[in-house]
Each structure stands twice: as structure tokens, then as C-alpha cells.
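Full structure from sequences and hints, please.
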Amino acid sequence: MTPYRVSVHITPRRGILDPQGKAVEGALHSLGFERVSSVRVGRHIVIDTNAENEEAAVASVTAMCQRLLANPVIEDFEIESAGAT
Amino acid sequence: MKFGIVTFPGSNCDYDTMRAVVDVLGEEGVYLWHKDRDLQGADVVVLPGGFSYGDYLRPGAIARFSPIMSEVIAHARRGAPLVCICNGFQIACEAGLLPGALLRNQTLQFISSPVTMRVENAMTMFTSAYQPGQRITMPVAHGDGRYTADCAILDELEGEGRVVLRYIDTAGEATALANPNGAERNIAGIVNEQGNVFGLMPHPERAMDDLLGSCDGVGIFQSLLSVVPV
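Chains as they are written, first to last, in the numbering used here: chain A, 1 to 85; chain B, 1 to 230.
Hints listed in this document are in silico derivations from the structure and should not be mistaken for laboratory results.
Take the hints with a grain of salt, since some may be wrong.
Ranges between beta-carbon positions, derived for each pair [claimed, not checked]:
1) A:I47 <-> B:K35: 49 to 57 angstroms
2) A:R35 <-> B:Y31: 52 to 60 angstroms
3) A:A59 <-> B:L211: 51 to 59 angstroms
4) B:G41 <-> A:T2: 26 to 34 angstroms
5) A:D48 <-> B:G161: 47 to 55 angstroms
6) B:A171 <-> A:S38: 42 to 50 angstroms
7) A:E55 <-> B:E193: 32 to 40 angstroms
8) B:V24 <-> A:I47: 44 to 52 angstroms
9) A:N53 <-> B:P114: 29 to 37 angstroms
10) B:L225 <-> A:F33: 42 to 50 angstroms
11) A:E52 <-> B:S113: 51 to 59 angstroms
12) A:F33 <-> B:V24: 54 to 62 angstroms
13) B:Q109 <-> A:T2: 31 to 39 angstroms
Some but not every residue of chain A turned toward chain B, in silico, with C-beta under 7 angstroms [unchecked claim]:
14) N71
15) V73
16) I74
17) A84
From the three backbone atoms N, C-alpha and C, an ideal C-beta is built for every residue, glycine too.
See below:
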């Protein structure tokens with residue numbers, strides 16, 4: 001078993017109103033960042049886990065997302081492996 | 001009739017629900033601890049309001065995996081009544097007992113205020129004590145009450161009479177202004193396909209006495225008394 005670090009990025013699904021993202025977008029515009037066309041505010045989770053290899057670590061975190069970390073009705077998730085730690 | 005009221009860490013409406021069941025209705029009530037795996041013979045189970053597990057991750061996301069929930073899910077699958085109030089509604093959606101999800105209020109503010117609703121379906125086991133279309137008032141108190149589901153599910157809920165409570169204004173219209181949280185189609189409460197799981201954002205257990213502003217919540221509990229236990 002090797003320790004791996006895997007990050008999960010969770011964002012509100014496209015098409016779902018994200019009032020927090022809208023508020024941040026408005027604030028950025030008022031600061032002069034007029035080129036910002038969309039902001040979505042989500043959640044970043046960092047998981048340290050032991051696994052046989054990187055593929056198994058990612059597969060395990062994918063299962064965690066499907067069961068608990070993200071709600072597929074309202075959220076999308078992306079998984080990013082930082083490799084062995 | 002015996003009501004089982006689940007207490008999660010962070011539940012804060014369990015006591016009010018017990019009072020509603022025992023003191024107002026004169027029925028039997030029992031607290032069910034979230035770590036137990038026994039419904040103690042409850043005919044009706046209530047998932048009460050509160051902030052189970054501090055609303056960490058998403059409201060209801062962690063409570064949904066509490067040991068008691070496997071028994072609660074079996075109770076619901078059997079067709080027995082399950083009332084899911086506020087945080088209970090969020091837990092039931094997370095558990096897949098009800099479709100859709102409850103998102104942060106559109107205003108991003110926590111809302112604690114009385115709301116007016118229309119009983120859209122008075123033929124459910126939770127609303128038979130009301131008249132069809134009856135206008136009722138109960139308090140809401142939530143930060144995440146914006147009911148959301150995809151269009152196909154919303155159409156299905158509407159088509160099958162499963163939208164049970166809808167936020168309305170004083171003129172009886174389901175306007176955006178009457179909608180406290182931005183819920184799709186002003187939805188305040190729904191039932192599952194079998195009609196035995198009821199999720200609602202307002203608090204009937206806080207509307208049990210005219211002294212507290214409304215006794216319109218009594219009908220929810222009263223309706224259940226005519227249900228044949230399964």
C-alpha cells in the first residue's frame with residue numbers, strides 16, 4: 001500500500017442557479033474585472049488515502065464522490081490526483 | 001398511534017415534535033436515537049428539523065448514513081408513514097427517499113418567518129384533515145430550502161398530485177414574492193410515488209397552538225391518525 005493524495009473539486013451543476021457564484025461575479029465586475037463571464041462557487045476536498053496504485057486511489061475517491069461527497073442531482077465533481085505522497 | 005421521532009446530533013425540533021404528538025394529540029411518542037437500529041414499534045416515523053451533523057458537507061448528507069436510517073428506509077419501503085420536516089426533508093432527499101434536492105435559499109439568507117401555503121392535495125395520508133385548496137400558515141426556519149429537481153421530475157410530481165404544499169401570497173397566487181427560498185414552482189412539500197413519505201420545509205410542529213400564532217400544523221398529525229398501521 002502506498003499513500004496517495006487525491007483532490008476533489010465539486011461545483012454546482014450547470015443550469016442550477018448558484019446565487020453565491022452570482023454574488024461573487026457581481027463583486028468581481030464592480031472591482032473592474034468586467035471580462036468575467038461566469039463564476040460558480042463550489043468545494044475543494046483533499047483526501048489522503050492508501051492504495052495499491054494511483055488508479056486504485058482514484059477509483060476509490062470516485063466511489064466516495066458517488067456515495068457521499070457529491071450529490072449528483074445538484075453537483076458535478078472532478079477528481080485530480082497529486083500522485084504518491 | 002405510536003410516533004417515533006429520530007434524534008440526530010444537531011436535531012432541534014425533536015422536542016417540539018414530541019410535544020405536538022403527546023401533548024396536543026394525546027398519542028404515544030418515542031425518541032429514536034440515531035445510533036440505534038430499532039424503531040421501537042413506531043407506526044409513524046418523523047425525521048425532525050435541525051442541523052444534523054452541523055449541516056457539514058451538505059444538509060442531511062451525513063445523517064443519511066446514520067445507523068437508524070437503514071431501519072427508517074426499510075420502514076418507508078414497507079409503505080409505512082414517514083414525515084420529513086425541514087432538515088428531515090433534506091435527509092430524505094439525500095437518502096433517495098424523495099426526488100430532488102434542497103439548495104441554499106436564493107437570497108443566501110436564513111429565513112425564519114411564517115409562510116402561507118395552499119394544500120394542493122388533500123387526499124394524501126398527511127393532509128386528509130384539510131380541505132382541498134385550503135390556505136394554511138406555518139413557520140419556516142431554514143437556510144437551505146430551495147427545492148430543485150430536473151424538469152421531468154417536476155412535471156411528474158405535478159402530474160401525479162405529489163406537490164402537496166405550495167407557497168402562495170395573500171391573493172392565493174403562487175408568485176415569486178410568496179416564495180421564501182426560490183423553490184422551483186413554489187414547492188413547499190412533496191410526497192414520494194407511493195404516497196407514504198412526506199417532505200416539507202415548513203414546521204407543522206411549531207404551528208400547533210393559536211397562542212404561538214397558528215394551529216394549522218395540527219392537521220398534518222391529525223391526518224395520520226386515520227392511517228391503518230402497516
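So, going through the hints one by one against the coordinates:
Between I47 of chain A and K35 of chain B, the C-beta spacing of about 25 angstroms breaks the proposed range 49 to 57 angstroms. R35 of chain A and Y31 of chain B have their C-beta atoms about 56 angstroms apart, which keeps the hinted 52 to 60 angstroms range intact. The hinted window of 51 to 59 angstroms between A59 of chain A and L211 of chain B holds, with their beta carbons roughly 58 angstroms apart. With their beta carbons about 50 angstroms apart, G41 of chain B and T2 of chain A fall outside the hinted range of 26 to 34 angstroms.
With their beta carbons about 49 angstroms apart, D48 of chain A and G161 of chain B fall inside the hinted range of 47 to 55 angstroms. Under the hint 42 to 50 angstroms, the C-beta atoms of A171 of chain B and S38 of chain A, about 37 angstroms apart, miss the expected range. A hinted range of 32 to 40 angstroms holds for the C-beta pair E55 of chain A and E193 of chain B, which are about 39 angstroms apart. Separated by about 47 angstroms at the C-beta atoms, V24 of chain B and I47 of chain A satisfy the suggested range of 44 to 52 angstroms.
Look at N53 of chain A against P114 of chain B: about 57 angstroms separates their beta carbons, and that is not inside 29 to 37 angstroms. The hint said 42 to 50 angstroms for the Cβ distance between L225 of chain B and F33 of chain A, and at roughly 59 angstroms that hint is violated. As the Cβ distance of E52 of chain A to S113 of chain B is approximately 54 angstroms, the hint placing it in 51 to 59 angstroms holds. Range check, F33 of chain A to V24 of chain B: about 55 angstroms between beta-carbon atoms, so the 54 to 62 angstroms window is met.
For the pair Q109 of chain B and T2 of chain A, the supplied restraint of 31 to 39 angstroms is violated, since their beta-carbon distance comes to about 46 angstroms. For N71 of chain A, the interface hint holds, the least distance from its beta-carbon to any beta-carbon of chain B being 6 angstroms, beneath 7 angstroms. Hint on V73 of chain A holds. Least Cβ distance to chain B is approximately 4 angstroms, under the 7 angstroms limit. For I74 of chain A, the suggested interface contact is upheld, since its CB lies about 5 angstroms from the closest CB of chain B, less than 7 angstroms.
The interface hint given for A84 of chain A is violated, since its Cβ lies 27 angstroms from the closest Cβ of chain B, which is over the 7 angstroms cut-off.
Violated hints, in rising order: 1, 4, 6, 9, 10, 13, 17; the structure is consistent with all others.
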